[in-house]
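Student: Here the sequence shown stands for residues 1 to 148, numbered as in UniProt numbering.
Errors might be hidden in some of the hints.
Now the in silico label distances, taken between C-beta atoms and shown as ranges [what the hints assert, rightly or not]:
(1) S124 x G76: 21 to 27 angstroms
(2) R53 x E88: 18 to 24 angstroms
(3) K40 x R85: 31 to 37 angstroms
(4) Q107 x L49: 23 to 29 angstroms
(5) S75 x K141: 21 to 27 angstroms
Just so you know, the hints here were simulated from the structure itself, not pulled from any lab data.
In this text, a Cβ means the ideal position worked out from N, Cα and C, and glycines have one as well.
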Amino acid sequence: MVMSIRPGCTIGCVSPIRWGSPRIVMGQDAWTDRDSDFVKFREENRGRLSHLRGGRSFDNAMIMQINDYIFVEFSGTGNAMYAYRIGEAPFNPESGSLEINVHLKSQGRCILRLPHAPRAYGYSNVRITGWMLKYDDELHKLGHSLDG
Numbered sequence: 001m002v003m004s005i006r007p008g009c010t011i012g013c014v015s016p017i018r019w020g021s022p023r024i025v026m027g028q029d030a031w032t033d034r035d036s037d038f039v040k041f042r043e044e045n046r047g048r049l050s051h052l053r054g055g056r057s058f059d060n061a062m063i064m065q066i067n068d069y070i071f072v073e074f075s076g077t078g079n080a081m082y083a084y085r086i087g088e089a090p091f092n093p094e095s096g097s098l099e100i101n102v103h104l105k106s107q108g109r110c111i112l113r114l115p116h117a118p119r120a121y122g123y124s125n126v127r128i129t130g131w132m133l134k135y136d137d138e139l140h141k142l143g144h145s146l147d148g
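Please model the entire structure based on the sequences and the hints provided.
Tutor: Shown next as structure tokens:
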């Protein structure tokens, strides 16, 4: 069971997070990089990988199911996190190819869009700052705690 790392929260103040297996959505750079680490990563994660279409070649995303929600978290500056209720996302998380702006960044269908601002400084496993604190606040509003 994972509970909040926020000070003042006692056991039972929010529901524990139950994670599904993440889906990794990779841009062109990650698919074509011949570096041994990338080759090994692709081999080890075969079956969990999708192609990211329409974004910058270096963009990547991770799709996670947490309880009754699907979260899409992007790498790369200028992206945000998008949350959808299960069954209301405009995409199939298991799809082999996902369009960044049509599927993953559907502002009309998401219930939550959070940019990575303000910047997080001085964070650790026991102290969150900046956008991390904002994300934790939003997860609490959804009735869940952030994994510390």
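Student: Decide, hint by hint, whether the structure agrees.
Tutor: How the hints compare with the structure:
1. S124 x G76: 21 to 27 angstroms: The hinted range 21 to 27 angstroms holds for S124 and G76, with Cβ atoms some 24 angstroms apart.
2. R53 x E88: 18 to 24 angstroms: holds (21 angstroms)
3. K40 x R85: 31 to 37 angstroms: holds (35 angstroms)
4. Q107 x L49: 23 to 29 angstroms: holds (25 angstroms)
5. S75 x K141: 21 to 27 angstroms: holds (25 angstroms)
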